[in-house]
Structure formats: structure tokens, C-alpha cells
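> These protein sequence lines map, in sequence, to chains L and B. Note that the numbering used here gives residue 290 to position 147 of the first sequence, counting from 1, and the numbers run on in steps of one. Note that the numbering used here gives residue 231 to position 229 of the second sequence, counting from 1, and the numbers run on in steps of one.
Treat the hints loosely; a few may be bogus.
What the simulated footprint calls covered on chain B by chain L, stretch by stretch (three residues with Cβ under 8 Å from a Cβ of chain L suffice, anywhere in the stretch; the number is not a length) [said to hold, decoys possible]: (1) 37 to 49; (2) 206 to 216; (3) 306 to 320.
These aren't lab readings, by the way, just hints derived from the structure by calculation. Values in this document were obtained by computation on a predicted structure and should not be read as measured data. Just so it is clear, CB atoms sit at the ideal spot from N, CA and C, and this is done for glycine as well.
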Amino acid sequence: MFAAKSPPLALPSAPARTLNILAELLVLLCLLPLVAAAIESVGLSSGQSKYAHWWGTLRGWEALWKTMQLASLATLVAIGLAWVLVTLTVHCSRRWAFPVALLSCLPMPIPSSTLATTWIVLAGRQGPLGKVLAGVGLSVYSIPAATMILAMRYFGIAVGILMVYHLRSLACLPAERVFRISRFTTALRLRLQPAVRITAAAGLIVMLFCMNDHIIPGMLLITTYGPQIMIQYSALLDPAGAAALAVPIAGVGMGMVILALLLGRRCWSQTEKTHVEQNPPGSPAQRAIAAALIAIILVVVLGAPVVVLAQRAGSFSAMGQAVYQARRQAWQTLYCVAIASPICSVFAAVLAGRWVRCRQTGAFTAVPLVLLNLTIPATLLGIGGIELSQHWPLRMIRSSSWPLILAYVARFIPLATLFFFVIWRNDSAVRNPAAKVHGITPWRTMFYLTWPRRRASVLAVTVLCGLLIATELEMSILLAAPGEATLGIRLYTLIHTAPDSVVSALTLAILALVGPGIVLFMFLLARVQTQRGVRTQ
Amino acid sequence: MYGDRLRVIVAMIVGISAVIVATGCSDKGEQPRKTVVVYTCLDQIYAEPILEEFRRRTNIEVRAVYDAEAAKTTGLVNRLIARRDEPDCDVFWNNEIIQTERLAQMGLLARYVSPQAKRFPAQFRDEQDRWTGFAARMRVIIYNTQMISPHKVPKGMGDFTLPKWRSQAAIARPFFGTTLTHMAVLHQKWGPNRLSDYLADLRANDVALCLGNATVRDMVAAGERAFGLTDTDDAHAAMLDGKPVDVVVPDADEGSVLIPNTVALIANCPHPQAGKKLIDYLLSPEVERRLARGRSAQIPLATDLADVKTPWDKLAGRNKAMNFDVHQAAAAIPEVVALLIKARMDRDR
Chain L
144 MFAAKSPPLA
154 LPSAPARTLN
164 ILAELLVLLC
174 LLPLVAAAIE
184 SVGLSSGQSK
194 YAHWWGTLRG
204 WEALWKTMQL
214 ASLATLVAIG
224 LAWVLVTLTV
234 HCSRRWAFPV
244 ALLSCLPMPI
254 PSSTLATTWI
264 VLAGRQGPLG
274 KVLAGVGLSV
284 YSIPAATMIL
294 AMRYFGIAVG
304 ILMVYHLRSL
314 ACLPAERVFR
324 ISRFTTALRL
334 RLQPAVRITA
344 AAGLIVMLFC
354 MNDHIIPGML
364 LITTYGPQIM
374 IQYSALLDPA
384 GAAALAVPIA
394 GVGMGMVILA
404 LLLGRRCWSQ
414 TEKTHVEQNP
424 PGSPAQRAIA
434 AALIAIILVV
444 VLGAPVVVLA
454 QRAGSFSAMG
464 QAVYQARRQA
474 WQTLYCVAIA
484 SPICSVFAAV
494 LAGRWVRCRQ
504 TGAFTAVPLV
514 LLNLTIPATL
524 LGIGGIELSQ
534 HWPLRMIRSS
544 SWPLILAYVA
554 RFIPLATLFF
564 FVIWRNDSAV
574 RNPAAKVHGI
584 TPWRTMFYLT
594 WPRRRASVLA
604 VTVLCGLLIA
614 TELEMSILLA
624 APGEATLGIR
634 LYTLIHTAPD
644 SVVSALTLAI
654 LALVGPGIVL
664 FMFLLARVQT
674 QRGVRTQ
Chain B
3 MYGDRLRVIV
13 AMIVGISAVI
23 VATGCSDKGE
33 QPRKTVVVYT
43 CLDQIYAEPI
53 LEEFRRRTNI
63 EVRAVYDAEA
73 AKTTGLVNRL
83 IARRDEPDCD
93 VFWNNEIIQT
103 ERLAQMGLLA
113 RYVSPQAKRF
123 PAQFRDEQDR
133 WTGFAARMRV
143 IIYNTQMISP
153 HKVPKGMGDF
163 TLPKWRSQAA
173 IARPFFGTTL
183 THMAVLHQKW
193 GPNRLSDYLA
203 DLRANDVALC
213 LGNATVRDMV
223 AAGERAFGLT
233 DTDDAHAAML
243 DGKPVDVVVP
253 DADEGSVLIP
263 NTVALIANCP
273 HPQAGKKLID
283 YLLSPEVERR
293 LARGRSAQIP
303 LATDLADVKT
313 PWDKLAGRNK
323 AMNFDVHQAA
333 AAIPEVVALL
343 IKARMDRDR
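Only chain B is shown next, with the shape it has when bound in the complex (with noise of 0.2 Å):
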């Protein structure tokens, strides 16, 4: 009896351990010969069809690792800080610019001169060519359409400290994504000094400070705040889905703030010419095509590519991108953050 006993306890184990084994073994034995690892912070949506393409392409096997929106705990940036000695990382293929300057100045990233770069705007290329820009979104008011009528609209950021709309509004905590490089940019427009008196009102004026664009969105999608500060692709996610809700440029006169995709090559990164191959891709017109024509409406930049037709095309202020310098913005994010914690930005109030 015990005999049984100890050969069906073996004959698990056995089992078991050759079900590891021979799932390593096949994982393996597919493995194409080649591989590029790319750190991507677009949605896991958008970008997954897009590098599985790529692999069906090349036959380069493409092992990526995707941010998640909701926490920001994955700081891929600090992944990549933490390995910058001996990087995993081929391509890193960012959803905004000041994080990827950012790398650029602590010396990350590679020189890489794509061929496809010469289609894109000097505005949204780095003097080094450690970086390029592509496929941006837009910061938009969102408003909910049952709430706000059309000639109520707000116009601008201003309107989100008026009185009149006291517990009404929403952003993204800023400190982090494409909302803490908004900031960046008032910073660099406005001065310190504003930019501290507004986040002041801001508190003051109890707008709601949410995890994320898209809980933004939510918000005012579900009626809890009448409209909000987010990007176009999550904009765009709730109007297909048939939400209340519409968008307007903030200060449109004065032009709208872009903030394109960059992709870079890490420095030292173990396959290099894999990742070149990726970015090479990544700035084809094919892929600016696809995100535009895709759930999150990305407006392509390649100048050969302006006959692309997005959901945006006929918002006020959307053919005039706002000038900034991505340099300095990078470099002040330190002191944009200290101004947002003085403001309390980072605590209920």
C-alpha cells in the first residue's frame, strides 16, 4: 500500500517536473534567431499589434515590456536607470518626450540616425539624433455634452480656477506622464512664479486630482465632474465607446501642446542592429498610418503624411503646435515638482 503511495508520489513529481522542463525546452526550441527587447509606454492596445506585425515581418522575435497607466509604479525609466551598466533593453519607445530627454541627458540612450527621421519636423528631433518624435496626442479640455452646453464650453486652462466652476473640474495628479510635461511647458511659458499662483488656485478651486488621464475621462464621462484636462487618445477611447462627451484645444490662439511618441536606442544595448530595425519601423509611415487610424487617434507628424485624416483635424488651435524647448523642460522638471508639492499637489487638501 505504501509502496503505491510513494510510486504515485514519484510519478507526480516526474510528471510535473518534465511539464517545466519540456515547456522551457519548446519555448526555446520556437525562439526565432533574432530578438530586439523594446520598453514600450504606450498602451499595451496600440503597441502590441504593431510589434507583433513587426515580427511577422522580420522574423526578429520582439519581448517587450509595457507600462501600466494606472499606478506608474512600473518606472520603466528606473528599470532602465537600474541597468543602465549592463542594459536589457534594445529600443526604448516612449508615449511622451521629457522622460526620453531625460534618459538623453544622463547619457542612456544611442546616436541613431533612422533614415526615416529626415520625414519628421526639426521641432520633433533631437540636435543629437538620440531621439526621434512621431504619432503625437494632443491636450485637450474633455467635457461632458450633458452638462455643458456648447457656448459654456471652457476655452482654456484659466477657466479651470474660475469660481464658477468650483468642484467641477478634474486633472491627472501631475506628476507623472503627459500631464506633469504640460506643466513642464506652463512652466517654461508662464514663469515660476504663475505657474505656482495657478496650482495654488487650483487646490483652491477643489478641482479633483485623479491617478490618471483616464480616470479623468471617466470622471466626466460618468458625470462626476463636468470636464476635465486629458489627452486625445483617451478622449477618443470614450467617444467610440458612445460616452456624452466632446473636447476642445485649451487656448487654442495660442496653439496646441503636443506631445509626440519618441523612440530611442538604448546605449549598449545587447542587439543593436535588431533595435534599428524597430525604430526604422516604428518611424515608417505604415505605423504612423495605423495609430491614426486606431482607437487612439494619434496625429501623425511625418511632414509626407499630412494628408492623414484624424478625428481632430477640425478642432480650433490643432494646426498650430505650441513651441517648447524640450531641453530646458526636462531639466526643470525637478522644480516643477517641488513647486507641485509646495502646492500640496501630491495630498488631499
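Looking at chain L on its own, in the form it has when it is part of the complex (with noise of 0.2 Å):
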């Protein structure tokens, strides 16, 4: 008799029927060097022999085979690795989700080519584990090896995503702790499903990381496709042989994350909904041991290197050294951080703005189409950029930083908008129509009722991308424009040439720097699933 009648849906507005349409060129801005990409290896008049060379006989499919090898192995460690160390985080305790997720992403921003040279330093013949590999009859230069230590690079996206389910759904639930249900018969009834399904969408993720790695495997002489390509566009001069074998690898890749972003987020849907509470804690000394087992963990994959990188640099004021002579790429890196990472934030709002606006209307955007860019080499997309920067109006401004940066913001919108997308698309759409209702302003409603509460989502967002700016090389090293190289670019091309401490204090230089970003990161993260949960009761 007095239920409440939902609020009509009103027309879109006119700032509103604006940023619908600008979020439709941006998503078609962001896809443009991509597309180029795509062209210059059809568009040329040899484009389909290129093809035919790599896909018509076994070539690409050898690499494509070798390269999908080495990632699943390397998969299949990581999320291993990271289920045993999120079970034992989890049950030993919630707190300390935060430091475990945090420390396990730290190898990330250390460049694959210096984790590389440490783990050959520690496991090489002569190395303080070279030893022990060789009495099991293995060598640093071997796959197993590579595998641990791409495993061990990117493992921390399988904690990060693994860590977000634990918590919201291996809390027991009250049937369970009314009734005595044995936690092992609920999950097999409830949490089988949903594990694997999220398991699978977190081992897709990490493989499509470790298949783009290609400095690792090279470092340590396991082919993959990345020199192919190498060969092609530096030995042969040949772009478009290099697009022609990078560009169906990175349709595998879009599949792999269409599939990952349909697993997970059938899994999100049905542990979102669940009523959780905590789960009792461990006794004293089974949290002991789940302790220790998590320390030695971290120590192994994140000490080691570090120890050997310190041990190398010599002294902080090595460190200090190295930042001054690298003052230059310092600032060119900050500054490209403080253009770009912004930008991204504020492209991807309006993007994620209309996802979810369309999610809730079931209207039709091709805004999910830039996730397209996240899924593809970043070298693919800076042969693109350079193909653009030869047209105008690019052209006007290719011997500036602003092709780099637009590569910049083109590479990490789609991570911003998946991001802004997963903690918006339950925002209530009423709040804004009753604003409107009252008679205030878009610009008064968008100020006082959207930014307070999506603060510290933008904020994080923008947060995410400078550190993946800052620690970005591939595309850097293509669209870099004369004088104005990064951080990334000189370690790089100092690596096999500068004495081994000058290296070793830069990484570490650029790990104390990349830091307390992290760490600023997943503090607002906290703060954005604290916010969350403040709503949604």
C-alpha cells in the first residue's frame, strides 16, 4: 500500500548529454594508436604476405606456443604462491592484508632487466644459490628459473586480487556459525565456485603480464616472441613483419582479459551480497607459524633482491650520487607524472561515469572497448604513437613530451576506468536527480555530493597511474623526444654499461622513491573500501 514508487529516470541534461558524447571520442581517441598499429601491419602493400609469413606457417605459432609455456608455468606459481600466502594473511590476521598485498607488489616497479641481473648475481654459477641449483642439475639460465622469477615479479596482482576476495567472502557466515556447518562442507557448497572462478580471472591477469615480459625470459635465454619482433623491427627494418606477428598475439591477449573480466565479475556478484563476519582467529600458535611461513615468503621474493641490490650500491650516499647524476630524467619522469597521471584520472571519471550510468540504463557504450589498450604490448601502441606523430595535428608537437604523454594516458585509462568502474557501479543514481529536483547546479551537486564521495577513489586512481608512469619504459624508450628521456630510460641504457653499483643505487634510488607511492596508494585504497562499506550499509 505504501510502497515507494522509483523516481522516474529523467533525460539526460545537457552537461550530461556532453560528457556521453566526449566519453565516446575518448574512448576513440584512446583507440587511435592502436588502430594505427593495426594498419601498418595490413595497410602496406605486403601487409597480407606479413601475415602469411608469420601465421601461414608454423613461425608464429612457435613463438605464440613458446611464450604461452613459459607464462602458464609462471602462472601457475604465481597465484600458488599468492593463495598460500593470502590463506595464511587471512586466517592469521585481517590487519595484516594491508603490509602483505603492499610488500608483495613491490618487485613490480624494480625493471624486469635489474630483478633479472640480481636473481643471475644470487643463482648464477658463482652465486651464494648457484650452488644449490646445481646440485639439483639446474642453472639460473634455464626455465624453471625463469618462471620463479617472473612468478615472482608479477605474483603480487594474484595477492592484490585474491586478498579483496578473502576478505569480503571466507568470513564465516551466520547460518554457519548458528548451525555448526563444518567450514569444509560450506565451501564445498558455496566457495568452490566462486574460488576457482576468481583463481582463474586473477591466473589470467598475471599471464598476460608474463607474457609481455620478454626482458626476463631474454635475460635469461629463453625465447619468446618479444625478439622475434625485435629482429623484425631492428634487424629486418621491417614495422609492419613486427606488427604482423604482435598484433594477433595481442588479440590473445584482449581474449584473456574479456575472459578474466567475466569471471571475476560473475564471482564479485554472487560474494558482494554476502552478509560476512569475521572469522575467529587462530590460536597463538598456529598464527606463529603462519607468521613465519609469511615472512619467509616476502624475504625470499622481495629480500633477496633487495639485499643484493644494497649490497651492490655500496652506501646512501651511492644512492644520492646516482639521483644527482640522474637529475635531469628525475624531473623529465615527475613531470610527465604530474601532466599524465591526472589527465588519466580525470578521462577515465568521465569514462567510468558513463559505464556505469549505461550499466544501470542498459544503454549501449563502447566504452569497455579501452580496455582494448591494457591487453596489448605497450610496444605495440608506441609503434602506433609513432605512426600518428606523423600526421597532424600530432605532428606539430612530436618534438615535445606530449606524444609520450598521450601514450601515457592512452596505456593507463583503461586500468583507471576498470578501477573507477568496480567502485562506482553501485553508486545510488538517485542522488543526483534529487539534487536536480531541489533546483542546484550540475557544478554544486558535482562539487558537495560526487567529489566528497569519490574522493579518494580519484585520488588513488591518480596515485596508480603516476607510479605506472613513473616505472613505465617500453613506450618511453619509442616516443622519448630528444633530450628528454625518464628515469626508466636511463637506468635502461646504463644497465650493461655502467659499473654494477651505479646501477644498483639507481634501482634502489627509484624503489625509495616509487615507495611511499605505494604505500600512498593503498592507503587511499583502504580509504576508498572503507567509504564503500560506509555506504552500502
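Using the hints, build the complex out of the two chains.
Here it is as C-alpha cells:
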């Protein structure tokens, strides 16, 4: 009788229509480099023969198979490691989730080449682990070693995803507590399927990162598709041939991300509606054992490379000296971060807003297509960027930092959009129309209603994009303007020529610069989670 | 309350914008009147001080793009080709010779006769004056002194395929840099059939294919492989760092493979006058001396610098440079690459 009527969905206002058009246009702009790279691969007269060369024979398939083989192995190890770590952490103390996830992500800002070199020093024939490996008939230049190093670099992604899943779903349900249903029974009946789904989703994401890393396998003498692209591009001076190999592999990556999203989405919708209560902590002995195991895993994954780097760097003054010598590149990196990350964040907010509105109203939008940019190798975006910078209007700014900044935006906007979408997708659509009914202007609504709710997430995404931009290398190498190298490029050009101490000191300095950024991001992420919890209650 | 927040937000946005604008303005304000853009494949630690010295002396700002050895993804040559209609580069300073010649054959290089060029032997100059070679590196076999005794040191390229050295040798993946040049030289010297057989033998003998010459050096220095093929600059860095390595010239009786740096002016470049000044400076005796004394220990090629000492002076074969036709070698690159691919040098076995 007194059932509340849903407010009628108002027609979009003029500013909303403008934002909608802007969002669809942004999608188009973000995809331009990818389209340019694809055209580069097929648009030339010999384009089709390039595809036939790779994919009409075994060559392309062999490269893809080798890459997938290594990436799959590394993913299995990463997921196994992540499950152990997350399970131990959650059952030990939920308060440890944040620092453990944070520490697991720390290997990612270390450049692949530095990480590989560090492990070669550690596990090489004359390194402290070398004899152990030799004892079991292994060498650091082997597929198992490459698998382990790749897994240790990227397992932080899986830890992050699984940790959030565990925190949301592994607490006990009221029914279990009241009726004393065993955990095993509950796990089998309720949790097995979503756990498998989220593990598969996390695995696909980790696998994508492993596939696109050709530096670590290359340094350990394992061939993936990366060297093939380099041979086409640098030895044969044939960008079209390189793109003909890279584009279909990028397609495989896209398929993996789409599958991961589908799996993750279903799992998420199953777990988020569950009313959860916290599990009782284990006994002190169980917690002590869990803590010891967590410490061992983190020391092996993170401590060993840092100790080796510190030993090779020598002293704090060496780090200071390294930063001083790289001050120009450091400033350039900060400049790019300061411009590109807010742009990423603002544009992604527009895109995610459009995506959320369309999801709520069932309208069509092309925004999810922007995720394609995240799934392809960054080198491909770089090649597309070079192609685009030959033409108006980018031609006018190609000797500045802007082509690189725009490439950063195109690369990281998908991640930012996805992040916003996940956080905002359940935001009530009723508040803003309510403000409209009361005659409040859209700007006032945005500042006083929307911004306070979304501030933490926007800042978190800005920091995340900043971190990714600060450590990006592949596009930077291709697109940096003359005299405007970034910190990553400097490290990469020095890595084999400068004395070990200089390279190690610079790497540690970069870690020291990036570390606080990761802490800030995790802090903001915790705020976002808290706000979401408050809102859903 | 909300007003305060709004003011804070606006202040932050204005502040950040001001910093960005100020940064941009200050950069431009400090720019000297003239600029030269150089693409250089020489390692940054060697090239940077030289370019800085040029800037200090001439007040011409040098904007450099450096190559990265480890990945070869930079494709400075590709970048030049992609921008051939409207180049943003004035000077190409390559650390080898073949790619420069390829650019010359594509018509991307301008003719320029530096006053310094006549100091260099004709074999290191382009007949059409599109590039000049200076300060060379030598291809050497680097070996681990703790693993190989002096009387058993490999002496030539043939040792890489001997069964007694199975799984003991390393070379860089020969699609890039000086190793590709070396393969082109062998192609010219041996012919395609012998080179093809040799490559097959390399694979059969489990020679490690590394990412670059520096990786070869690191593997040998770490004892992962007993010996390998690399350049003198990489070897010298390891020797300076106290690693247990030494070098010999492969097939010394036939002469050494000397690979010079090359410098060229880009056709239709935006700053030709400044570019010519930089080329003159790079070809000056001072730069060759500096490169010889530095960590890369490069070998001066100018006829008036024969007195400059390098760590390689006592090596057998040092004083006899192997003659090869650069134009032919550059033109043969696609054929050499095809042979390399046929021998599966781009893949694991």
C-alpha cells in the first residue's frame, strides 16, 4: 500500500549529454594508436604476405606456443604462491592484509632487467644459490628459473585480487555459526565455484603480464615472441612484419582479459551480496607458524633482491649520487607523471561515469572497448604512437614530451576506468536527480555531492597512474623526445655499461621514490573500501 | 565547510597548474639560442660527457636520444626512417658502421666533408662523404681466466664449434649491433654456404645466444660459460671491475675486425650548421683521445693519433685491420638475416 515508487529516470541534461558524447569520443581517441599499429601491419602493400609469413607457417605459432608455455608455468607458480600467502594472512590476522599485499607488489616497480640481473648474481654459478641449483642439476639460465623469477615479479597482482576476494567471502556466514556447519562443507557447497572463478581470473591477468615481459626470459636465454619482434623491427627494418606478429598475439591478450573480466564479474556479484562476519583468529601457535611462513615467502621474494642491490650499491651516499646524476631524467619523469596521471584520472572518471550510467539504464556504450589498450604489448602502442606522430595534429608537437604523455594516457586510462567502474558501479543513481529536483546546479552537485564521495578513489587512481607512468619503459624508449629521457630509460641504458654499483644505486633510489607512492596508494585504497562499506550499510 | 573544501580544491588545481606552467616556461627560458639533435647508439655513459663538453664550449644545446643495448627496441634507425620526410634529428652518431651505410643507401644522409675527415684512412670514410668513421672497437674472444688456462685459450671463430667446447661458449644473438656486422663480414669472407654451415654448427655445439654483447661478457665473467664473442669496450669494463677475464683477437693472423663509430649529417635536418659543428667536434683528436682513455677503451683511427695507447696494443692482430667492403656488407644484411633465421638463431633449439 505504501510501497515507494522508484523515481522516474529523467532524460539526460545538456551537460550530461555533452559528457556522454565526450566519453565516446575519448574511447575513439584512446584506441587511435592501436588502430594505427594495426593499419601499419596490414595497410602496406606487403601486409597480407607478412601475416602469411608468420601465421601461414609454423613460425608465428611456435613463438606464441613458447610464450604461452612459459607464461602458463609462471602463472601457476604465482597463483600457488599467492593462495598460500593470502590464506595464511587472512587466517592469521586481517590487519596484515594491507602490508602483505603492499609488500607483494614491491617487485613490480623493479625493472625486469634489473630483477633478472639480480637473480643471475644470486643464483648464477658463482652466486650464493648457484651451488644449490647446480646440486639439483639446474642453472639460472633455464625455464624453471625464468618461471620462478617471472612468478615472483607478478604474483603481487594475484595477491591483491585474491586478498580482496578472501576478505569479502571467507569470513563465516551467520548460518554456519548458528547451525555449526563445518567449514569444509561450506567451502564445498558455497565457495568452491567462486574461488575457482576468481583464481582463474587472477591467473589470466598474471599470465598476460608474464606474456608481455620478454626481458626476463631474454636475459635467461629463453626465447619468447619478444626477440622475434625485435628482429623484424631492428634487424630487418620491417615494422609491418613486427606488427603482423604482435597484433594477433595482442588479440590473444585481449581475449584473456575479456575472459578474466567475465569470470571476475560473476564471482564478484556472487560474493559481494553475502553478509559476512569475521572468522575467529587461529590459536597463537597457528598464528606464529603462519607469520613465520609469510615472513619466509616475503624475504625470498623481496628481501633477496633488495639485499643484493644494497650490497652492490655500497652506501646511501652512492644512492644520493646516482639520483643527483639522474636529476634531469628524474625531473622529466616527475613532469610526465604530474601531467599524465591527472589527465588519466579525469578522463577515466568521465569514461567510468558513462559506463556506470549505461549499465544502470541498459544503454549501449563503447567505453569497455578502451580496455583493449591494456591488453596489448606497450611496444605496439608505441609503434602506433610513432605512426600517429607523423600526421597532423600530433606532427606539430612530436618533438615535445606530449606524444609520450598522450601514450601514457592511452595506456593507463583503461586501468583507471576499470578501477572507477568497479568502485562506482553500485553508486545510487537517485542522489543526483534529487539534487536536480531541488534546483541545485550540476557544478554544485558535483563539488558538494559527487566529489566528497569519490575523492578518495580519484586520488587513489591518480597515484596508481603516477606509479605506473614513473616505471613505464617500453613506450618511453620509443616516444621520448630528444633530450627528454625518463628515469626508466636512463636506468635501462646504463644497465649493461655503467659499473654495477651505479646501476644498483639507481635502482634502489627508484624503489625508494616509488615505495612511498605504493604506501599512499594502498592507504587511499583502504579509505575507498571503508567509504564503500559505509555507503553500502 | 563546503566552501572551504572548494577553495582548497581550487587552490590545489591552480597550484599544480602553476608549477607545470612555470616548469615549461623555465625550460624554454634557459634554452640557448642554438640547438642540435643527435641520435646516438654509443652507450650513454660514454657519449653524455662528450656531448656535454660540446655544449659547454659552443653554447649549442644538445638534445640527445640514446640507444639501449639490452633490448634493441629503440630502433633509432627505424625512428630516422619513420621521420625521413621531416626529420627531427641533425646528427646520427652510430657505434657501428653497417646501419649507417644502410641509411646512406636509403638516401637519408646528407653529404658533408668535415675538415677533420681527411685525418682518417680512406677505408673508414664513405666514398660519397655521407659518413665518417672514427674511434673503433674490436671484436674479441673474452674468456674466463679461472676456467681456461693460457695455453688452451680459443684462438678463432672455429673454436666455437669444436666438440671440446660444447656448451662452453656464448655469443650475442646475431641479429643486432656489432655481432650482425661480424656475421656480415664472415658472409663476405666465407660466402653464404660456409656461413650457413658454421651457424648450424654453432647451434649443434650448444653455443648460448645472449641478449647482447654485455650479457656475453657477464656470463663469461660469472663462469656460466668459459668464453664468448664480444667487443673490446664490454671486455674492458669487466677488466676494470676486476672480473677474472682476458681477451684474444679471433683468427689474429687474418687481422682484426675493427668496427668504427660513424657520424653522419641527416638529409634535410632542421639544424644543419649546428649539426656540422657537432660532427667536426666528434671527429676531433680530443674526442678520440677521450674515448681511448675512458672505460670503453676505443681505438683511435686518425693517422695522427698512432701514439695514443690503448689496452689492446699488445694483442696479436691488433695492428692489422681486416678489410671488408662496407657497401656490400650492408647490402647483404637481408641475406645474412635469412641465413640466421634458417639456422634458427632466432629461436631456442
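> All the hints need checking, so say for each whether the structure fits it.
Outcome of the hint check:
Evaluation of the coverage hint for the stretch 37 to 49 of chain B: fulfilled, as 7 residues show C-beta separations to chain L shorter than 8 Å, against a requirement of three. Residue count for the stretch 206 to 216 of chain B with a Cβ under 8 Å from a Cβ of chain L: 6. That meets the three needed, and the coverage hint holds. A count of 0 residues in the stretch 306 to 320 of chain B with a Cβ less than 8 Å from any Cβ of chain L is obtained; the coverage claim is therefore unmet, three being the minimum.
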